[in-house]
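S.K.: Taken in order, these protein sequences are the chains called V, F, X and E.
As numbered in our numbering, residues 1 to 350 make up the first sequence, in order.
As numbered in our numbering, residues 1 to 318 make up the second sequence, in order.
As numbered in our numbering, residues 1 to 373 make up the third sequence, in order.
As numbered in our numbering, residues 1 to 523 make up the fourth sequence, in order.
Source of the hints: derived by calculation from the structure; they are not laboratory data.
The reader is advised that the hints may include incorrect statements.
[What the hints assert, rightly or not] Okay, derived cross-link-like pairs now, BS3-like style, lysine-lysine, Cα gap no bigger than 27 Å in a straight line:
id	chain 1	residue 1	chain 2	residue 2
1	E	Lys211	E	Lys153
2	F	Lys307	V	Lys211
3	X	Lys243	F	Lys307
[To be verified] Some residues of chain X that are not near chain F, with every Cβ distance over 10 Å (derived):
id	residue
4	Met113
5	Thr273
6	Gln350
[To be verified] Here's a subset of chain F near chain X, in silico, CB distances under 8 Å, partners left out:
id	residue
7	Ala107
8	Phe239
9	Gly250
10	Leu260
11	Val289
12	Ile303
Glycine included, each C-beta is placed from N, C-alpha and C at the ideal position.
Here are the chains, one letter per residue:
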Amino acid sequence: ASTDATAAAGDKKVYNVVSLVNGNLGDKSFFDSAEAGLKALQDAGRITYKTIEMGGTDEDQPKWLETLYEVAEAGEYDLIICGTYQMPDYLKEVATAYPDQKFLIYDDTSYVGANANVVNISYKQNDMGYLIGVYAAAMTSETSVQNMNAEKVVGFVGGGDFPVINDFLIGFLEGAKATDPEVKVDTRYVGSFVDTATAKEMALSMINDNKADIIWGVAGLSGNGAAEAALETGKAWFIGVDSDQEQTFGPELAGITLTSGLKNVGTSIIWIFDEWDAGRTYWGQLVNLGLTEGGVGIVTDKNFANVAPKAVQDKVLAAEAAIKDGTIVVPTAIGDDTNAVVALRDAMQP
Amino acid sequence: MWDQLLSTILKEEFLFSVIRITAPILFAALGAVVASKAGVTNIGLEGIMMISALFGVLFSYWTQSWLVGVLGAMIVGILLALMMGFFALKLKTDIILAGIAVNMMGAGGTIFLLYMFTGMRGNTGSLMSPNILIPTVNIPLIKDIPILGDILSGHAILTYLAFLFVWLMWILLYRTPLGLNIRAVGENANAASSVGVSVLKIKYIALALSGALAGFGGAFMSMYYSQGWNSGMVAGRGFIALAAQAMGRGEPVGAMFSSLLFGLAQALRTKVSGLQGVSSYLVSSIPYVVTILGLVIYAASTIKRVKKARAEHSKAKA
Amino acid sequence: MKDKRMLGFELVRGAAAILLALAVGTIFIFLSSDEPFTALRYLLIGPLISIKGGLASFNTQGFYTILAAMIPTIFTGLAVCVMFSSNQFNLAGEGVVLTGGFVAALAGIYLHMNSGLHAVVCILIAAVIGGIIMLVPALLKVKLGASEMVTSLMLNYVCMYIVLHYLNFVFADRSKGSTQTFPFAETARIGSLVPGGSKLSWGFVAALVFVVIVALFMYRTRWGYAIRMIGINESFSKYSGMKVGGTIVLSQVIGGMLAGIGGSVEVLGRYSTFLWKELPGYGWTGVTIAILAKNNPLLVPLAAFFIAYLNKGCQLMATYCDVPSEMIDIIQAAIFLFFAAEQFLAGYRQKIVVKNTRADLAKVAAGAEGGAE
Amino acid sequence: MEHNQNDLVVQMKGITKVYPNGIAANQGVDFSVRRGEIHALMGENGAGKSTLMKILFGLEQPTEGEIIVNGAKASFGSPTAAIAHGIGMVHQHFMLVPSLTVAENIVLGMVPKKSGMFIDFKKAIELTNEYAEKFNLAVNPVAKVADIPVGMKQKVEILKALIRGAKILILDEPTAVLTTQETAELFRELVHLKEQGYTIIFISHKLNEIKQITDRMTIMRGGKSMGVYETASITEQEISSLMVGRDVILDVQKDTAVPTDVVLRVRNLQYTNEWNKKMLDGVSFDVRKGEILGVAGVEGNGQRELVDMLFDLREPDSGTAAVNGKDVIHASQAKIRKLGVSLVPEDRMTYGIADAATIEENIISDRFNEKRFNNGPLFNMKAIHEESDRLIKDYTVLCKSRKQKVKMLSGGNIQKVVVAREFSSDPTLIIADQPTRGIDVGATEFIRKKLVDLSRAGTAVLLVSADLNEVMELSDSLIVLYGGKIAAYFEDTSQLDDVMMGEYMLGLKKQSAEEIGRVCHEG
Ligand SMILES: Nc1ncnc2c1ncn2[C@@H]1O[C@H](COP(=O)(O)OP(=O)(O)OP(=O)(O)O)[C@@H](O)[C@H]1O
Ligand SMILES: Nc1ncnc2c1ncn2[C@@H]1O[C@H](COP(=O)(O)OP(=O)(O)OP(=O)(O)O)[C@@H](O)[C@H]1O
Ligand SMILES: [Mg+2]
Ligand SMILES: [Mg+2]
């Protein structure tokens, strides 16, 4: 065994990784994104990995902790990966119980380095939301563009009224307000990430009652309902989230998708391994990946390039630059005691 | 704020959406009606809708025909209902448990089936394209009537079918021998079997009808309401349908009005959620609160009516 | 004596049902897995036996996990037993578990008390709230004749949205990315019986105590008796002079209290903050358990164990093999269907019955002849 | 005689039936019926009569044995097959769908159609009328079955069988619910059917009826056949002893009553039912301590309504009723019981028992709240066991143990459980509504005797019975209900004869208000 170890030490180490999904793959969002990143790493021969789907319902919650304990106890893995804002408390318990085991948690800001064996990656979805807000606000009165009306109303269909979603929202609202103070944002929550039909009803109401012509869906699969509403009425555009929905949609829906806000979980995981191999580690730290690090971003090829007038594109790119260089600091809804997002949301509701 | 709400409600589009929201619930509610008339509580409607919604998409994708998709969904609905029937009627599994089992299959089993058939996870992505969606139709004369035309015309074929089924269901139950058998079996199975009516057969038929209707409801969900299937998309509509059935006292027309009431509440919720400063959570509970209230008012009025009738009746005698 | 012989049959029947359901599951496993035998092994014996390097050993942690998973479902199972016993098809257990857990958590956060007492007070509050919630379907049924099945189904959603509203807008810990309350006081927590991730807490002991209490209540008290009689024949009970309406309400309230306790024990015993964001599903599991237990409280732990075991087995299979985790639902569905199938193997049963009866008759005849001589 | 007397239309050979609960209801029974005869099937409750007939009708499958119909071996997997062989059955308990009309019930399963798929309601009504006329069984085809009296229900049942072309009619205790007149009418019809070549299998507990119309009889005891007899050549005493294995004394011995204070006082009850029929019209009477007041009358003349009023199952439009001065009209059943009122209900399966509960649980249903059965919050199981064992013994309930489910008992034993409870609660007033309907001779005798004993011990008894012999024999005094009014009051029943009673019951005669008023013992 010792000869193996020295031999391996010569090469780059092949890590054995387990990824715990507290939901299911196929979300076309961060779990799939994480999976894609791991797959790429495995294909490159840098890791071996196993993904465990633990299910995402409240009834599945006991499994999350149990499974964490199980994989930590197994001691076979160089790194245990999990994600989402629902995991930190469980992780804290297990990471404390197994101080020699390394963990990574993504898409969470609340863990914040309680254990020296955990690296915590988060994504500045508020920054990304800001760019989308700028884009939408700039577009909504561009009547030269097909389907756009003069009314300055855009829509936001959220999966539920809670901090992560509202972190997207607050960026969106701020971006829109900064671009055009007259813009109204019709915000509604489906209360479910799977009820496409209700999301569709809400989007239809936004389009028909309030003349919204751009709708950002931040509601998992429910978001598709909003896209369909836009397509069917022929009076609005859709903006996707998490992954590039112009690629995942069929041609019709992709055709009315202006862009997508990206949360690059996979990229960030690859980035961590790059850093690790390069000798830079972040154990015990929160790594908040923003636009600069490629943790978040917006899709700028396809419809963004083809549909948006140059002036609009420039505004978005300028905002991106400003955020990157720190000129613009986007507030966050996470850990915000004042709940500023609610006041802003109500103020901008048409 | 209220005038804003009012202005959105006083639109044709609002009533149009009420009808659209009602349709899938109505299908399932009629399914609940026919099953309960035969003495079977079909609590598995939710699961049947989920599974047939999935197969509706798959069939229409495979054949590139919406019609085949809808029929496929219907057949899957029938098969599931018959399976429930086999266990509940033949093997005497508690019907509620059989229903829960079907709902389980609808929740997780669908994801597994989708994976088995297509390798996709969680949703059917772009399998469903607009050209194989259930088409909408404009009704020739009605569409030109102001207001009414905007409310009644332009719905999906299946929407009209749902309301047509209310009438057909009534005919079936009250004007055909099969309906007579169904009612007899549901009310007194011994009586039916003593005259040579096969209770089992009738219950199977009623369940199959129930499954077919839920299948239509499922197809409506994934092939019109949404373009494609995703896990959890039926989101409790099968249960709501049970409520509609009960609130409508198990009658087709009653179930239709209850379904409409629910559709109305749900449409209202959509509108109210667009107002400033409302809690999306409390707003989301509107349809359910309305259903309970509807049930209460209905029950209370029934009691009152009975009491009043009695009072008048004694007065007349005095 | 005859009962004993039939018991043997029931065991055989149960085993056969499980085997058949597993056979159905196996078909799917073979359809979707490259290592079906390993998958089956995990499913069947994995929960209790772990095999490492060819050595089988008792999976203690797995066992604790199963016991811990039984805690909420024993309570909801008991709740459903009591509610169904009065022939009320009340499905509001879901909503009550959620609400019970929520109010217990709030009491755990905002009340300050001594260890021990604090947790008990939290649970009591949950019980009271649970009972009050169940008053809704119960009174609507008794006073107005509104179908309790429907009102309770709808009530679940109402409970959920109200809890979520307060959770989000009033009690959320805003420093967290996910919606949850502040952690409850140490004094309110229900301690673990064993270390590790199983979260097997004293709640398990409480659950077993409640099994005995509920069984005593149902079979050894006048209220339980009245509940059962009303469930069997309401007209008869009324005619006998029982207070039918009141007793029905009582049974629903007790069911609500049990479900509320279940929710609170689960939350206080397993978590450190309240973090449910949807109906947790234990109410439905309770229905299944009550049906498997045939409304007999004493059989509830058995049924709960069975369900928990199955869940764990499916979970292991999904974790360590290539069978998608959703396979669980199909296997479970099949097991439920067969296990609860009363007529399953009825032909075989009838043969046993006939044989037994023949033997009895023969014995009686022989006795009579013997006596005559 | 055109047909061959020895032509056996039905033969059942070696029939054994073991129910899933392990009860061997039939044990190697041989049974055969000749074409064109009326054949009685007799036996105590639980002897296996209904089971044997259900097998013949395809409702139950025999564990063993064979059935030969019209000389050919037959096997009936379902009633459909039996019906196809010309067998029709009128069940002991009605098999009707209450929400459907009479005509719909009659044509159920063979509905006349129009346009190939719709029900031809007109045809159904015509058909009903046609058969009703042909067989002289008057029914109202458009009435809902829920709304019609039992007598008509019985006719509907018979029509159901006839319309399906039944040539072999099984009647399982058809007269149990019928009035004397209706029974007589039915018998005429049966004889008429017999003359037309129909074969009738007739189950009844009433010996006089059997003697009256049957040709032969098969007697069953304990699941076995006790043999076949020519009716003409066997006495009632012989039948009884074959059925129960001993001689039965049918006359109840009783001393003259010494009634004292009024216990139940009913004044001017008025009740109009949902269909605006006046069911009670100024009914007033008293029942005194120590007497049995009988209520005679053709069924449907207000007896059921009267009992319902007294036990809070219905509310009258006006009028009062009080037990020992306390109002019972507006009291709940619980309160009424507290006043010491017991009821042996007419419909024992609905009101009298909880079928899935044990005998013990059924016995304590009215007294489980009492102190002696409770230790604090818990039941005093010992006391409860003692009570139930005592009553099971006292009332000779035939069972394996107090833990046996009531639904496993035969009808007669179920009634004994009801009676044991109702008679043993130390009541001040017993309302006995058809206390011996449909149960065997042994049980009947037992219950009647108990009733007399109780009244002699000082209980007031209100006896409602459609069995004229029963009321005349048991009652000390008696009222006759006709059209919701009291048509007659007889202070002393010893001089009554059925002819005169019949005249009052049929409304041919009516006493003066003064004579009737004597039933109110004012002052
Ligand atoms: N469906 C059944 N399941 C189990 N046991 C039954 C069933 N039907 C009847 N029995 C039992 O079989 C025995 C015979 O019953 P059966 O109904 O044939 O008697 P019967 O002669 O018709 O009595 P009765 O005069 O009371 O109608 C009884 O002990 C009864 O309890
Ligand atoms: N499925 C069953 N399981 C157990 N016992 C049954 C079942 N069905 C009927 N019985 C019982 O068997 C007995 C015989 O039934 P049946 O229908 O012949 O009428 P019965 O009530 O016995 O007749 P009677 O009124 O003449 O006494 C009844 O006491 C009934 O309760
Ligand atoms: Mg615009
Ligand atoms: Mg019988």
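S.K.: Each hint needs a verdict: does it hold in this structure or not?
M.R.: Consistency of the hints with the structure:
no.: 1; hint: Lys211(E) x Lys153(E); verdict: holds, 25 Å
no.: 2; hint: Lys307(F) x Lys211(V); verdict: violated, 51 Å
no.: 3; hint: Lys243(X) x Lys307(F); verdict: holds, 22 Å
no.: 4; hint: Met113; verdict: holds, 30 Å
no.: 5; hint: Thr273; verdict: holds, 19 Å
no.: 6; hint: Gln350; verdict: holds, 14 Å
no.: 7; hint: Ala107; verdict: holds, 6 Å
no.: 8; hint: Phe239; verdict: holds, 5 Å
no.: 9; hint: Gly250; verdict: violated, 10 Å
no.: 10; hint: Leu260; verdict: violated, 16 Å
no.: 11; hint: Val289; verdict: holds, 6 Å
no.: 12; hint: Ile303; verdict: holds, 6 Å
Hints 2, 9 and 10, counting from the list given before, are not met by this structure.
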